[in-house]
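Sequence order for the protein chains is P and C. Residue numbering for the first sequence follows the numbering used here, starting at 1 and increasing by one per position. Residue numbering for the second sequence follows the numbering used here, starting at 1 and increasing by one per position.
Simulated from the structure, these hints should not be mistaken for lab results. Be aware that a few hints might be false.
Here are the computed lysine-lysine pairs in the DSBU-like style, where the Cα-Cα straight-line distance is at most 35 Å [unchecked claim]:
| # | chain 1 | residue 1 | chain 2 | residue 2 |
| --- | --- | --- | --- | --- |
| 1 | C | Lys66 | P | Lys286 |
| 2 | C | Lys66 | P | Lys443 |
| 3 | C | Lys66 | P | Lys179 |
| 4 | P | Lys509 | P | Lys100 |
| 5 | P | Lys122 | C | Lys135 |
| 6 | P | Lys148 | P | Lys122 |
| 7 | C | Lys66 | P | Lys121 |
| 8 | C | Lys165 | P | Lys179 |
| 9 | C | Lys165 | P | Lys240 |
| 10 | C | Lys165 | P | Lys509 |
| 11 | P | Lys121 | P | Lys208 |
| 12 | C | Lys165 | P | Lys28 |
| 13 | P | Lys461 | P | Lys398 |
| 14 | P | Lys208 | C | Lys66 |
| 15 | P | Lys446 | C | Lys66 |
| 16 | P | Lys97 | P | Lys179 |
| 17 | P | Lys270 | C | Lys232 |
| 18 | C | Lys165 | P | Lys258 |
| 19 | C | Lys66 | P | Lys170 |
| 20 | P | Lys122 | C | Lys66 |
| 21 | C | Lys165 | P | Lys257 |
| 22 | P | Lys287 | C | Lys135 |
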Amino acid sequence: MPIPRWTALAVTGLLALAIAGTPAAAQKSGGTLVQITQPEPPNLAPYISTSAPIGQVTAKVYDGLLEYGFDLKPKPSLAESWEVAPDGKTVTFHLRKDVKFHDGKPFTSADVAFTIMEVLKKVHPRGISTFRDVAAVETPDDYTAVFKLSNAAPYMLAALSGYESPMLPKHVFSQGDIKSHPNANSPIGTGPFKFVEWRRGELVRLDKNPDYWRKGLPYLDRIVVRFINDEATRTAALEKGEAHVAGFGAVPYSDAKKLAQLPSIEVTTKGYEMISPVVELLINTKKPGLDNQKVRQAIAYAIDRQFVIDNIWFGYGKPATGPISSNFAPSGIYTADVTKYQTPDGIEKANKLLDEAGFPRKDGGVRFEIVHDITPYGPEWQRFGEVVQQQLAKIGIKASLRYEDVATWLKRVYSDYDFFLTSNFLYNLPDPVIGVHRAIHGKLIKQGTVFVNGAQWSDAKADQLMDKATIEPDPNKRAEYYQEVQKIVVDGSPIVWVFELNFPTIVNKRYHDVVTSPLGIYTNFATAWRE
Amino acid sequence: MSSARLLRYVVRRLAQAIPVILGVVVLNFLLLQLAPGDAATVLAGEAGGAPAEYVDALRQRFGLDKPVPVQLALYVKNILALDLGYSFRNQSPVLPLILARLSATLLLMGTTLVLSLGIGVLLGLLAAVWVRTWKDHLISVAAIIAYAMPLFWIGLMLILLFAIKLDWLPTSGMEDAAAFYEGGERVLDIARHLILPAITLSLFYMALYARLMRATMLEQRGLDYVTTARAKGLTERQITLRHVLRNALMPVLTVAGVQVGSLLGGSVVVESVFAWPGLGQLAFQSLFARDLNLLLGIFFISSCLVVLINIVVDVAYVLLDPRVRVG
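I would like the entire structure built from these sequences, with the hints used as guidance.
Pasting the structure below:
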């Protein structure tokens, strides 16, 4: 007997409600999501390179031991539970038993031990420091991995996402040299999407993994990551609906504002809470004049942070107070209780400081001249350079601008120390040990190493506090140490922390649940679905 | 002209090309050494910073710790064995990287060459036939406008008009990224994606050829052999098509041969605007990444291409003009 149409509809509706659990529309399977990633990644080997675009692709293929919520707390992923010993020196992970790599082989604790000890600790640019204190990973059985540490490493639990520490198949990557492995560009992971092909200069195709360990996921059949070199064309492709997701400044900030007004597009600034980019002016504290704390403070007072945010970054930012982003406020690590450089009378204060420092105004009101280097990352940085030039002129510092390509600029700033003042931006990443120490710790004044302490400034007390925080298992004590560090460093002013950059992520409204974690498009999109 | 002689000529030209290409390789290598910064710094920079031991290990792996003459000697030795080396940045040998992009570039260049030569010659011919009428003026003005507009701007305007406003054509790429068509459908899809970039890149050259063609046509028409032909009683149509056109084509062909090199350069812009996965973009990216193996490989392949096309043009002379001899 045929079931009456309305009954079928009602039953389907009830089922949908039951499955969804929330009043939102039911998730549907199927469809292709096109993501724009800019620039094209140089390779697909996130275990050896942390070049920004790589993770946007490979986080869909590789899982990590953990995932993270918007509160920055770890959640189960490949590890379904974990325990940290009171002294912090033993961390035990209990692994899921139903996980298979894309080639069908099971995922076990041997893969964890191999990935951490043989790969990340040896060749991953950040893993070398993150896992420095991991002495061994013991594997009492196939589904238990015990990390033995020589010191507590509280930051490590924040660095185990599929983006930061991807879990690799030992049976594949232990064959041959890890540094030039044939699977560098054809990743095999446990994630919700399988790598299919990479057409250079064009796209990467990832297809649904039907055997994904989270049953019923992913919803999408396919993710295609497209590479479009021209920013105006990227905007056009999103506007036309040929592409559906783009983040990390892939779209010019002015265009993001324009796209946000289209009915088909949503722009969000969520999904960067574990990345926390901070825009700064890096000062070479070894240059005569700039070695004077008062001069550096004067520069910090002269920069109108809100003006820069509103007029150059189209509002996508928030004034920064120091080296640590306010995204760390929930854990108490962040404090705004430091020397405040963003004040209405900043210019007067700056002029006064420069007078005190012994740099009187000479002919034409100029105190001294410097060259201001501009981070070679695009037009908004050039505008920023022009604003800095104008604002420095107000306090009698005459700055001429220099714009070079990335390789030249890196060499000038971090190898030759041949600069006065340069714009820059650094990620705080999931923990200050990983993202913040490098710029301000005395140990990290390393000539020739990029994105470390290029200011060449340090303070013995701050260094000591950072060293203590590195191995302190008690979160409250860590927070105290870092609050103290911020006070010291902001007062020393080796860097002008200008603003916390809130990247806009463009999402086509037909796609839902795309940005679901503080790592944004550095996550796997398992729960993203299309209407 | 015997075909054996033509063949001998081609073989000799090819042999002569080898030292030329080697010279280009050595010169490029030395010029690139002048660029400050190296691949290891850029890789570490892209990674947002890395410990010094990591950067040193990179340099050692890339062979960047060796003195420049040693690096050069090694490179030339490998080139002679047709080994273009390994791109550490791309974690892949150089040759397959280039070959994967070559077909897209050849498709775009070939279409552009045919379009711009075909339409350019036709427009130049018509302008010369209609000389000093409003039609001639129209063609000349249009040519100057096309010649003067920047490529990237034309490209963006075409995208805005045909992709966004009219919704007739895709904005960018070489294929529909969501569809993955096969067979005949794929060919049609690629053709649809080819239209805008090919037109954009063609406009400039089309204008150039049209103006050149018009000028040489007019020059040829005043020469004695045309008077002779007219005295013989040939119609204007016969004179134009059989005599003047063939002679007027020679300079256009010469310029087209030389322009192939710059076509590669112009395609960087067009490939970038339309996200066309060709060699130009690859060259651009590898320059900024200081990926010298890859960049030198691209230079090597494109210099081979330019040399080859010029040989083809020289052979075309012979076929067009029986007075030109090889030897």
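Hinted pair, alpha-carbon criterion (35 Å max): C/Lys66, P/Lys170. Please report holds or violated.
34 Å, holds
Straight-line Cα separation of P/Lys446 and C/Lys66 no greater than 35 Å?
The hint holds at about 22 Å.
Has the given pair, C/Lys165 with P/Lys28, been kept, meaning a C-alpha gap of at most 35 Å?
31 Å, holds
Tell me if the straight-line CA distance from C/Lys165 to P/Lys258 falls inside 35 Å.
Given that 35 Å is the threshold and the Cα spacing comes to 16 Å, the pair holds.
Hint check: P/Lys148 vs P/Lys122, CA-CA at most 35 Å. Holds or violated?
17 Å, holds
Agreement of P/Lys270 and C/Lys232 with the hint, judged by alpha carbon distance not exceeding 35 Å:
Measuring from Cα to Cα gives roughly 83 Å; hence the hint is violated.
Would the pair C/Lys66 and P/Lys443 pass a check requiring their Cα atoms to be no farther apart than 35 Å?
Status holds; Cα separation ~29 Å.
Can you confirm whether the C-alpha distance between P/Lys461 and P/Lys398 stays at or below 35 Å?
34 Å, holds
Holds or violated: P/Lys97 with P/Lys179, Cα cutoff 35 Å?
Given pair P/Lys97, P/Lys179 holds - Cα atoms ~30 Å apart, limit 35 Å.
Please verify whether P/Lys287 and C/Lys135 have alpha carbons no more than 35 Å apart.
67 Å, violated
So if I understand the rule, the pair passes when the alpha-carbon distance is 35 Å or less; does C/Lys66 with P/Lys286 pass?
31 Å, holds
Has the given pair, C/Lys66 with P/Lys121, been kept, meaning a C-alpha gap of at most 35 Å?
Given pair C/Lys66, P/Lys121 holds - Cα atoms ~27 Å apart, limit 35 Å.
Violated hints for the displayed structure, listed by number in ascending order: 5, 8, 14, 17, 22.
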